[in-house]
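Chemist: Each residue of the sequence shown is one higher than the last, beginning at 1 in this note's numbering.
In case anyone wonders, no lab produced these hints; they're calculated from the structure.
The C-beta atom is built at its ideal place from N, Cα and C for all residues, glycine as well.
You may find that some hints are simply not true.
List of simulated lysine-lysine pairs, DSS-like, C-alpha gap at most 25 Å [what the hints assert, rightly or not]: (1) K131 x K63; (2) K101 x K148; (3) K148 x K63.
Between beta-carbon pairs, the in silico distance windows are [to be verified]: (4) K59 x N169: 31 to 37 Å; (5) G137 x S108: 18 to 24 Å; (6) L207 x D67: 30 to 36 Å; (7) K101 x D185: 48 to 54 Å.
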Amino acid sequence: STLDQNIINPCGNGNTFHWIPNLSMHREQNAGVESPATVAFILWVRAHDANILPLNLLKFEGKKINDRSVILSWQTSSEVNSNYYEVERSSNNTDWVFVNKVNARQNSSSISNYSITDNTIFTTNTYYRLKLVDHDGKISYSKIIMIKNEKNGTVTLYPTMTSSAVTLNGVTHAQFRIYSCVGQDVSKIVGRQNMGIDSWKLDFFRLPKGIYRVIGEGFALPVIVQ
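Kindly generate the complete structure, drawing on both the sequences and the hints.
Modeler: Right, dumping it as structure tokens:
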């Protein structure tokens, strides 16, 4: 059902999965991502011996400490046959990379708390999910959470005076143009090199001296070529 898909995205080796949502903690969700980053679900896995084994994830949260650190924490109230957790990160909610691994407390019926710190450079909204692997190799995923980058949209360029190259930061795509002071599009003359997820090196050395503007969605930054 739709509610089941909102609770968890299962992945297994042909085994049967049963979802029972914790309705007391269910919230309205937007585009498959819940923010604030809290989610609760109960995952019931049918094991090889036909016993029903519960994993109750009470919450999965993320808190941004600064532009380079996010604390990810989660809490369970019951674990059976759990092997380990992996935290995964994405900048586009599609492509995921490994962040860290934490061993599960395996067979536990009490409250268990886990946390890791992700130290990276945050320039865009960042997505996280929790991956659970049990001792039988079965895999399941938590709800995706989003950490907002409050500085998202800030574009900077330096140096503003150059005879060669400048660095453009805060732009995650190449859809920007360079114009002369008389409005001529010189974008094809300026070399550009992607230096990271939102950083570009722009080479102006083939242009004559003058004032130019780097223009994109929401910004127009001047460059003086000496």
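Chemist: For every hint, state whether the structure bears it out.
Modeler: Right, here's what the structure says about each hint:
no.: 1; hint: K131 x K63; verdict: 18 Å, holds
no.: 2; hint: K101 x K148; verdict: 23 Å, holds
no.: 3; hint: K148 x K63; verdict: 10 Å, holds
no.: 4; hint: K59 x N169: 31 to 37 Å; verdict: 35 Å, holds
no.: 5; hint: G137 x S108: 18 to 24 Å; verdict: 20 Å, holds
no.: 6; hint: L207 x D67: 30 to 36 Å; verdict: 33 Å, holds
no.: 7; hint: K101 x D185: 48 to 54 Å; verdict: 49 Å, holds
Comparing the model with each numbered hint stated earlier shows that all of them hold.
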